[in-house]
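Visitor: Sequence:
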Amino acid sequence: MYQHKTLALKSIAVAIMSSAALNAGAYQLEEVMVTAQKRQQSAQDVSIAITAFGSESIKDLGMEQPIDVAAQTPGLFIKNGIGVANPYISIRNVGQSLFVTNAAQPVGMYMNEVNLAYTSLMSLPMYDIERIEVLKGPQGTLFGRNSTAGAMSLFSAKPSMEAGGEFTLQLGNKNLVETDGYINGPLSDTVAGRFAFTSKNRDGFYKNNATGNELGEVEMWAGRGSLLWDANSALTTHLVLEAVKDRSGNTPWASFGIADASDPQTNAGVDWVPGNAFGRDEAYGAGNSTGFAGSNACSEDMSRKELQAQNELGRCVTSTGHSGDGDLYEGEFSLEPVYHHDLYSAMLNVNYEADEVTLTSVTGYLYSDRILQEEFDGTAAISADQTYTSVTDVFSQELRLSGDSDHYNWVAGVYYGADKVDTKDTYDYADTWFHSKLVDFVQETTTYAMFGHTEWHIADSWSLIADARYTAEEITFDGGTYLIDVTDADFDDLLFGVPLENRQLSTATDNETTANEMTWKLGIDYKPNDDWLVYGFVSRGFKSGGYNGTWTSSDAELIPYEIETLIDYEIGFKGTLMDNTLQLNGGVFYYDYQDLQAFVLDASGVFNVSNIPETDIYGAELELWWRPLDGLDIRAGASYTDAEIKKVTADQMANGILAGNTTANAAEWMFNGLLRYEWALAEGYITAWQTDFNYQDDTYFTVQNTEAASQEGFWLANARVSLRPEVGDWEVALWVKNLADKEYVTEMFPDTLESLVAYNPSTPRTYGASFTYKW
Numbered sequence: 000m001y002q003h004k005t006l007a008l009k010s011i012a013v014a015i016m017s018s019a020a021l022n023a024g025a026y027q028l029e030e031v032m033v034t035a036q037k038r039q040q041s042a043q044d045v046s047i048a049i050t051a052f053g054s055e056s057i058k059d060l061g062m063e064q065p066i067d068v069a070a071q072t073p074g075l076f077i078k079n080g081i082g083v084a085n086p087y088i089s090i091r092n093v094g095q096s097l098f099v100t101n102a103a104q105p106v107g108m109y110m111n112e113v114n115l116a117y118t119s120l121m122s123l124p125m126y127d128i129e130r131i132e133v134l135k136g137p138q139g140t141l142f143g144r145n146s147t148a149g150a151m152s153l154f155s156a157k158p159s160m161e162a163g164g165e166f167t168l169q170l171g172n173k174n175l176v177e178t179d180g181y182i183n184g185p186l187s188d189t190v191a192g193r194f195a196f197t198s199k200n201r202d203g204f205y206k207n208n209a210t211g212n213e214l215g216e217v218e219m220w221a222g223r224g225s226l227l228w229d230a231n232s233a234l235t236t237h238l239v240l241e242a243v244k245d246r247s248g249n250t251p252w253a254s255f256g257i258a259d260a261s262d263p264q265t266n267a268g269v270d271w272v273p274g275n276a277f278g279r280d281e282a283y284g285a286g287n288s289t290g291f292a293g294s295n296a297c298s299e300d301m302s303r304k305e306l307q308a309q310n311e312l313g314r315c316v317t318s319t320g321h322s323g324d325g326d327l328y329e330g331e332f333s334l335e336p337v338y339h340h341d342l343y344s345a346m347l348n349v350n351y352e353a354d355e356v357t358l359t360s361v362t363g364y365l366y367s368d369r370i371l372q373e374e375f376d377g378t379a380a381i382s383a384d385q386t387y388t389s390v391t392d393v394f395s396q397e398l399r400l401s402g403d404s405d406h407y408n409w410v411a412g413v414y415y416g417a418d419k420v421d422t423k424d425t426y427d428y429a430d431t432w433f434h435s436k437l438v439d440f441v442q443e444t445t446t447y448a449m450f451g452h453t454e455w456h457i458a459d460s461w462s463l464i465a466d467a468r469y470t471a472e473e474i475t476f477d478g479g480t481y482l483i484d485v486t487d488a489d490f491d492d493l494l495f496g497v498p499l500e501n502r503q504l505s506t507a508t509d510n511e512t513t514a515n516e517m518t519w520k521l522g523i524d525y526k527p528n529d530d531w532l533v534y535g536f537v538s539r540g541f542k543s544g545g546y547n548g549t550w551t552s553s554d555a556e557l558i559p560y561e562i563e564t565l566i567d568y569e570i571g572f573k574g575t576l577m578d579n580t581l582q583l584n585g586g587v588f589y590y591d592y593q594d595l596q597a598f599v600l601d602a603s604g605v606f607n608v609s610n611i612p613e614t615d616i617y618g619a620e621l622e623l624w625w626r627p628l629d630g631l632d633i634r635a636g637a638s639y640t641d642a643e644i645k646k647v648t649a650d651q652m653a654n655g656i657l658a659g660n661t662t663a664n665a666a667e668w669m670f671n672g673l674l675r676y677e678w679a680l681a682e683g684y685i686t687a688w689q690t691d692f693n694y695q696d697d698t699y700f701t702v703q704n705t706e707a708a709s710q711e712g713f714w715l716a717n718a719r720v721s722l723r724p725e726v727g728d729w730e731v732a733l734w735v736k737n738l739a740d741k742e743y744v745t746e747m748f749p750d751t752l753e754s755l756v757a758y759n760p761s762t763p764r765t766y767g768a769s770f771t772y773k774w
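Under numbering that gives the first Met the number 0, the sequence shown has 282 at position 283, and the numbering climbs by one with no breaks.
Hint data in this document are derived by calculation from the structure and do not stem from the laboratory. Note that the Cβ used here is the ideal one computed from N, Cα and C, for glycine as well. Among the hints, a few may not be true.
Mimicking SDA-like on lysine to any residue, the simulated pairs with C-alpha atoms at most 25 Å apart in a straight line are [claimed, not checked]:
{"#": "1", "residue 1": "K419", "residue 2": "Y343"}
{"#": "2", "residue 1": "K206", "residue 2": "Q307"}
{"#": "3", "residue 1": "K419", "residue 2": "T445"}
{"#": "4", "residue 1": "K646", "residue 2": "L657"}
{"#": "5", "residue 1": "K157", "residue 2": "K773"}
For each label pair, taking beta carbons as the anchor points, the in silico distance ranges come out as [what the hints assert, rightly or not]:
{"#": "6", "residue 1": "Y684", "residue 2": "M449", "range": "52 to 58 Å"}
{"#": "7", "residue 1": "S404", "residue 2": "L521", "range": "19 to 25 Å"}
{"#": "8", "residue 1": "K645", "residue 2": "K304", "range": "42 to 48 Å"}
{"#": "9", "residue 1": "D728", "residue 2": "K304", "range": "49 to 55 Å"}
{"#": "10", "residue 1": "D509", "residue 2": "N208", "range": "18 to 24 Å"}
{"#": "11", "residue 1": "S41", "residue 2": "I523", "range": "17 to 23 Å"}
{"#": "12", "residue 1": "K645", "residue 2": "F713", "range": "25 to 31 Å"}
I would like the entire structure built from these sequences, with the hints used as guidance.
Guide: Here it is, written out as structure tokens:
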């Protein structure tokens with residue numbers, strides 16, 4: 000029986016391959032064009048590991064935010080750090096989990112070539128997007144600052160002289176009403192204009208049982224206007240203006256207590272360092288704290304299932320005496336958090352083509368005014384109810400020259416950037432023994448860089464690539480942490496035995512840190528024919544140092560952390576097979592990662608960024624796109640990454656960061672796939688059936704590899720069915736996301752100060768219908 004089945008499968012495979020070979024010319028794969036090297040090229044001709052998506056794929060996959068891109072990109076991991084905002088982006092297990100406004104990611108994110116310099120700017124809606132390019136490995140030469148892990152570039156659709164437009168309406172569960180579309184056309188003989196828009200309204204998936212209100216509702220709109228002026232055959236100007244207004248609610252956290260309810264302690268039992276006492280006096284705290292992490296039977300070293308069982312029995316509690324019941328979507332919350340964001344941006348691209356040289360200027364400006372709240376402890380107690388308020392200005396200017404010839408291609412340029420982040424964050428601990436705090440600071444960053452990229456075609460099949468970039472950066476930080484609920488009673492009594500004159504009621508600094516770094520790349524390409532590219536290279540990237548933007552309990556915690564560096568050794572291939580009906584890309588890499596900037600909660604319960612001396616990362620990736628039959632697309636991707644901390648300091652070891660641990664959010668295996676089949680359903684009508692899926696392996700959410708802050712591997716799947724006329728201007732579709740209604744968490748955070756482990760819940764299953772009309 001087994002032999003018969005095997006023979007049958009082989010026969011089917013041979014038949015498909017034979018049919019594909021005979022009819023391939025009719026349904027070849029579309030060429031995907033990218034600008035990863037600052038000039039337009041086929042993605043199959045670029046010696047960088049790239050995953051790219053065109054406008055149709057973006058729409059069919061339901062990509063609405065950058066976080067959605069990760070599901071179909073091998074080696075890319077994105078999660079929101081605070082509910083619906085502050086995405087953490089990791090490529091090949093190189094990422095950053097710092098959640099505050101002044102945090103920069105090691106993955107450079109760009110919108111129309113303008114750098115979105117901070118995590119707080121990356122929660123943008125994606126609509127009317129022409130393409131997305133994910134570049135893996137250090138991009139420290141052509142992209143520059145803070146691209147140790149790679150770069151993610153989004154490009155909005157440009158205006159054209161063809162008049163037309165599109166409108167899409169989506170309706171779904173939880174009263175979803177979503178619209179998007181564009182209007183495009185000529186404004187004169189040389190100027191084309193385009194206006195794109197989107198809006199989204201939806202009820203929340205989460206319920207506050209204390210008030211009966213739903214939380215996590217969505218209320219957002221955005222608009223983008225762009226002009227394209229072809230002054231003559233040599234000069235082109237592209238202007239983009241965009242505004243985003245978001246008045247959504249944020250999602251609350253859920254939590255489990257990790258304090259032993261049978262071993263109550265009062266605040267006086269806390270051992271604080273003299274001069275760093277940020278707790279209330281003994282009189283305030285006595286009887287209000289039930290216990291502290293690690294006592295007796297309860298610990299953050301327990302699994303999530305074990306903690307849930309002990310919480311449901313009332314044996315493990317938070318420091319305010321609350322127990323979690325494991326329900327990620329309902330609870331009693333002291334705060335109903337909001338996410339209010341106004342984002343305005345402008346981009347001007349001027350391109351002048353002379354006989355052999357092209358001059359390009361890219362000017363960008365972003366202004367962000369944001370209020371983000373989080374209900375961190377997930378209980379009715381006012382304990383770590385946070386409000387993050389910030390105003391951010393980002394200006395950048397890049398000038399570059401480029402040229403092509405039969406023997407070489409080159410790019411040279413200069414870059415200037417100026418950023419300012421004005422932050423006022425409050426941490427409310429009114430129902431605990433801990434003082435509430437205000438974090439108030441202004442951070443300014445100035446960056447200068449010069450760069451060059453060259454490709455020498457040294458023989459018919461061989462090319463040599465050499466890149467270099469010099470970056471000078473200065474970051475100034477003025478401000479710190481202040482207590483905001485100090486009462487007269489605090490001054491009448493001793494605070495944990497600390498005399499009044501030694502009490503530290505604020506920590507602040509007015510300081511600067513600088514970086515002067517050279518990044519580079521040296522590689523070689525081999526093209527034996529038009530269908531294959533084999534490449535290898537060594538490259539270096541760096542991420543600037545910076546300042547801890549969370550609350551601090553001593554001035555020492557405001558000493559800037561150091562830069563991190565990464566050297567990438569990589570070999571890869573790209574193949575186009577079977578008369579351009581199959582693409583197969585893959586590669587292997589090794590990272591020598593020095594001074595990794597790790598976000599940690601140390602043993603005393605204080606947030607900090609710590610440079611881990613040595614980390615090794617190695618892995619492999621494989622991507623396939625196959626069209627074996629007319630209308631049938633098969634995509635698959637896989638990545639394997641081993642990220643191991645090799646060397647730590649004594650302080651890091653004392654805080655649970657050990658040699659042999661994995662980096663935070665490091666999934667060893669990741670898989671993704673897509674099946675799409677389009678065919679004529681009846682005369683004059685075409686239907687398309689699509690499913691996409693992805694797998695993420697077991698993950699630790701902290702560098703301490705805390706058991707309670709870990710998650711087992713899981714699969715997710717989505718589905719979409721559409722119908723359109725063969726010759727027509729409309730489409731209707733039904734769609735489902737999170738098809739199996741998988742319950743998982745997007746972030747976990749152990750907090751020994753509040754004796755809990757907090758969990759940020761995922762979005763449950765969503766479904767709906769869409770109608771699109773084009774003209």
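Visitor: So, for every hint listed, does it hold in this structure?
Guide: Comparing the hints with the structure gives:
Restraint check for K419 and Y343: the C-alpha separation of about 15 Å stays at or below 25 Å, so the hint holds. Restraint check: the Cα-Cα separation between K206 and Q307 comes to about 20 Å, which is no more than 25 Å; the hinted pair holds. Our distance criterion of 25 Å between C-alpha atoms is met by K419 and T445, whose separation comes to about 9 Å. For the hint pairing K646 with L657, the CA-to-CA distance comes to about 8 Å; that is within 25 Å, so the pair holds.
Distance restraint check for K157 and K773: the Cα-Cα separation of roughly 17 Å lies within the 25 Å cut-off, and the hinted pair is therefore satisfied. A C-beta distance of roughly 57 Å is found between Y684 and M449, which places it inside the suggested range of 52 to 58 Å. At roughly 21 Å, the beta carbons of S404 and L521 sit within the given window of 19 to 25 Å. For the pair K645 and K304, the beta carbons lie near 31 Å from each other, so the given range of 42 to 48 Å is not met.
A C-beta distance of roughly 53 Å is found between D728 and K304, which places it inside the suggested range of 49 to 55 Å. Taken as a hint, the range 18 to 24 Å is violated for the pair D509 and N208, whose Cβ atoms sit roughly 46 Å apart. In this structure the supplied range 17 to 23 Å holds for S41 paired with I523, their Cβ-Cβ distance being about 19 Å. The beta-carbon spacing between K645 and F713, approximately 29 Å, falls within the hinted interval of 25 to 31 Å.
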